[in-house]
Amino acid sequence: ARTHRLKVRVYYEDTDAAGLVYHARYLHFMERARTEMLRAAGGDHPKLMAEEGLAFAVRRLAIEFVRPARLDDLLAVETVMTGFTGARIELSQRVLREGAPVAECTLTLVCLDRSGRARRIPAQLLAAFADGPHAKPTEGA
1 ARTHRLKVRV YYEDTDAAGL VYHARYLHFM ERARTEMLRA AGGDHPKLMA EEGLAFAVRR
61 LAIEFVRPAR LDDLLAVETV MTGFTGARIE LSQRVLREGA PVAECTLTLV CLDRSGRARR
121 IPAQLLAAFA DGPHAKPTEG A
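Each residue of the sequence shown is one higher than the last, beginning at 1 in the numbering used here.
Among these hints, one or two may not hold up.
Claimed, not checked - Computed beta-carbon distance windows for the label pairs: (1) His28 <-> Thr3: 16 to 22 Å; (2) Arg70 <-> His45: 28 to 34 Å; (3) Gly116 <-> Arg5: 31 to 37 Å; (4) Arg117 <-> Tyr11: 37 to 43 Å; (5) Ala123 <-> Leu74: 32 to 38 Å; (6) Ala127 <-> Tyr11: 34 to 40 Å; (7) Gly86 <-> Glu64: 43 to 49 Å; (8) Val58 <-> Thr3: 18 to 24 Å; (9) Arg117 <-> Thr35: 21 to 27 Å; (10) Gly53 <-> Gly19: 41 to 47 Å.
Calculated from the structure, these hints are not laboratory results.
We put the CB at the ideal spot given by N, CA and C, even for glycine.
Let the hints inform the model, and build the full structure from the sequences given.
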């Protein structure tokens, strides 16, 4: 699957009292990376809702903090689609500093319609994400 990469600079607002990146800020960095991955695939959240009546929501998320990041660090967030079913996308995200992992995350997104019901992900969007050997239908799909 395509690996999307987004560079993120750590600002003062991202840090805690110890001068380290506050744990919740990693989720902000990862959300930005997923949004930019969608944009790079030719979509965006407002357009998806306006034209298809669809949105993505996080269903499951597991994160491991490997080492701290600090003020002014330049980080890279890598996002890869690792699997999918009709209405779900599984992603792996890593936050790196100079190539070394800072945080690693796996998550499942579900595609919802305006009423909150699960809906099949548009084929053209899946095709844009799944253009390589690692993305595959999830077992049991």
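Requested in this report: Could you check the structure against the hints above and give me the numbers of any it violates, in ascending order?
Outcome: 7
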